[in-house]
Amino acid sequence: DGGITQSPKYLFRKEGQNVTLSCEQNLNHDAMYWYRQDPGQGLRLIYYSQIVNDFQKGDIAEGYSVSREKKESFPLTVTSAQKNPTAFYLCASSIDLGGRGTDTQYFGPGTRLTVL
Amino acid sequence: GQNIDQPTEMTATEGAIVQINCTYQTSGFNGLFWYQQHAGEAPTFLSYNVLDGLEEKGRFSSFLSRSKGYSYLLLKELQMKDSASYLCAGRSNDYKLSFGAGTTVTVRA
Chain R
1 DGGITQSPKY
11 LFRKEGQNVT
21 LSCEQNLNHD
31 AMYWYRQDPG
41 QGLRLIYYSQ
51 IVNDFQKGDI
61 AEGYSVSREK
71 KESFPLTVTS
81 AQKNPTAFYL
91 CASSIDLGGR
101 GTDTQYFGPG
111 TRLTVL
Chain G
117 GQNIDQPTEM
127 TATEGAIVQI
137 NCTYQTSGFN
147 GLFWYQQHAG
157 EAPTFLSYNV
167 LDGLEEKGRF
177 SSFLSRSKGY
187 SYLLLKELQM
197 KDSASYLCAG
207 RSNDYKLSFG
217 AGTTVTVRA
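Protein chains in written order, with the numbering used here: chain R, 1 to 116; chain G, 117 to 225.
Extracted from the complex, chain R is given alone in its bound form:
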């Protein structure tokens, strides 16, 4: 079965701790993305990556870091510098960045992070 997996589904952390959220895809997609979703707001782009070993900041990158060492994996670290980290985090992937056709983004099931 092809798809995007995120783990864990629920995550609790103490304030001041870094936490890493995993995202894996076996769709052979080049592009991957991280969004956060807060109640009453649209999804906001944190980071995105077009190819391995390359990634770009999105609209709200402060307090977050990513790596893209493998095509299948795009982990997101929420650092202690992120002022309001409690949110629903969604990972997505697409064939590529959007230079051809629809290049629809497909989403993983999400991780709900709660910082206590």
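Worth double-checking, as some hints may not be accurate.
[Stated by the list, open to error] Cut-off 27 Å, straight-line C-alpha distance, at most; resulting in silico cross-link-like pairs (BS3-like, lysine-lysine): (1) 14(R) - 57(R); (2) 57(R) - 83(R); (3) 83(R) - 212(G); (4) 184(G) - 173(G); (5) 57(R) - 71(R); (6) 212(G) - 70(R); (7) 173(G) - 192(G); (8) 57(R) - 9(R); (9) 197(G) - 9(R); (10) 9(R) - 212(G); (11) 212(G) - 184(G); (12) 57(R) - 212(G); (13) 70(R) - 57(R); (14) 71(R) - 212(G).
[Claimed, not checked] Cβ-Cβ distance ranges computed for the label pairs, FRET-style: (15) 28(R) - 160(G): 17 to 27 Å; (16) 53(R) - 175(G): 42 to 52 Å; (17) 193(G) - 12(R): 33 to 43 Å; (18) 137(G) - 44(R): 18 to 28 Å; (19) 109(R) - 166(G): 24 to 34 Å; (20) 104(R) - 155(G): 14 to 24 Å; (21) 38(R) - 195(G): 26 to 36 Å; (22) 53(R) - 210(G): 13 to 23 Å.
[Unchecked claim] Negatives, chain R to chain G, calculated, CB over 12 Å: (23) 22; (24) 24; (25) 28.
No lab work stands behind these hints: they were computed from the structure.
All C-beta atoms in this analysis are idealised placements derived from N, C-alpha and C, irrespective of residue type, glycine included.
Given the structure of chain R, go ahead and fit chain G onto it with the hints provided.
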């Protein structure tokens, strides 16, 4: 980026039709997407429009008018399982998506 505006909530009866409007303001437009999201789950892709007109996919249709910066999603023959949030997202020329806050549709028996 883009400003995406859509209503917060809509309610309709099972079997009815509901139209969800979306307006966008963009500095460079490169397509309009609609996603469905059930509570606590991932958004799932519904439709994509880049040219003016209506795209029909079964019970769901999506319309785009680029000159008016306007799109709508039409849900026909509503079913209880259609109760969800519907996200409008515009893609700009840098290929990033800007999402609206979502429209929560409640289907009543």
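Status of each hint after checking the structure:
1. Using a Cα cut-off of 27 Å, the hinted pair residue 14(R) and residue 57(R) holds, with the two alpha carbons roughly 26 Å apart.
2. Annotation: proposed proximity of residue 57(R) to residue 83(R) holds, straight-line Cα distance about 17 Å (limit 27 Å).
3. Distance hint between residue 83(R) and residue 212(G) is fulfilled; the C-alpha atoms sit about 24 Å from each other, no more than 27 Å.
4. For the hint linking residue 184(G) to residue 173(G), the alpha-carbon distance of about 23 Å falls within 27 Å, and the restraint holds.
5. With a CA separation close to 18 Å, the supplied pair residue 57(R) and residue 71(R) stays within the 27 Å bound.
6. Of the supplied pair hints, the one linking residue 212(G) and residue 70(R) holds, its CA atoms being roughly 22 Å apart against a limit of 27 Å.
7. Under the criterion of a C-alpha separation no larger than 27 Å, the hint pairing residue 173(G) with residue 192(G) is consistent with the structure, at around 11 Å.
8. Simply put, residue 57(R) and residue 9(R) have alpha-carbon atoms about 24 Å apart, close enough for the 27 Å limit, and the pair holds.
9. Only pairs whose Cα atoms come within 27 Å are accepted, and residue 197(G) paired with residue 9(R) is accepted, the gap being roughly 23 Å.
10. Among the hinted pairs, residue 9(R) with residue 212(G) is consistent with the structure: their alpha-carbon atoms are about 26 Å apart, no more than 27 Å.
11. With a C-alpha separation of about 21 Å, the suggested pair residue 212(G) and residue 184(G) falls inside the 27 Å cut-off, and the hint holds.
12. Using a Cα cut-off of 27 Å, the hinted pair residue 57(R) and residue 212(G) holds, with the two alpha carbons roughly 11 Å apart.
13. Proposed proximity of residue 70(R) and residue 57(R) is supported: the alpha carbons are some 18 Å apart, at most 27 Å.
14. Simply put, residue 71(R) and residue 212(G) have alpha-carbon atoms about 20 Å apart, close enough for the 27 Å limit, and the pair holds.
15. Between residue 28(R) and residue 160(G) the Cβ separation comes to about 20 Å, which falls inside the hinted range of 17 to 27 Å.
16. Between residue 53(R) and residue 175(G) the beta carbon distance is about 43 Å. The supplied range of 42 to 52 Å therefore holds.
17. Distance hint check: the CB atoms of residue 193(G) and residue 12(R) are about 42 Å apart, consistent with the given range 33 to 43 Å.
18. Roughly 22 Å separates the CB atoms of residue 137(G) and residue 44(R), a value that falls within the hinted 18 to 28 Å.
19. About 28 Å separates the C-beta atoms of residue 109(R) and residue 166(G), a value consistent with the hinted range of 24 to 34 Å.
20. In this structure the hint that residue 104(R) and residue 155(G) lie 14 to 24 Å apart at CB holds, the actual value being about 22 Å.
21. At roughly 29 Å, the beta-carbon separation of residue 38(R) and residue 195(G) lies within the given 26 to 36 Å, and the hint holds.
22. One distance hint, 13 to 23 Å for the beta-carbon pair residue 53(R) and residue 210(G), holds here, with the actual separation near 20 Å.
23. The claim that residue 22(R) is not at the interface with chain G holds, since no C-beta of that chain comes within 12 Å of its own (minimum 15 Å).
24. With a least beta-carbon separation of about 14 Å from chain G, residue 24(R) lies farther than 12 Å from that chain, consistent with its non-interface assignment.
25. Consistency note on residue 28(R): stated as away from chain G, and its beta-carbon is indeed over 12 Å from all of that chain's, at 18 Å minimum.
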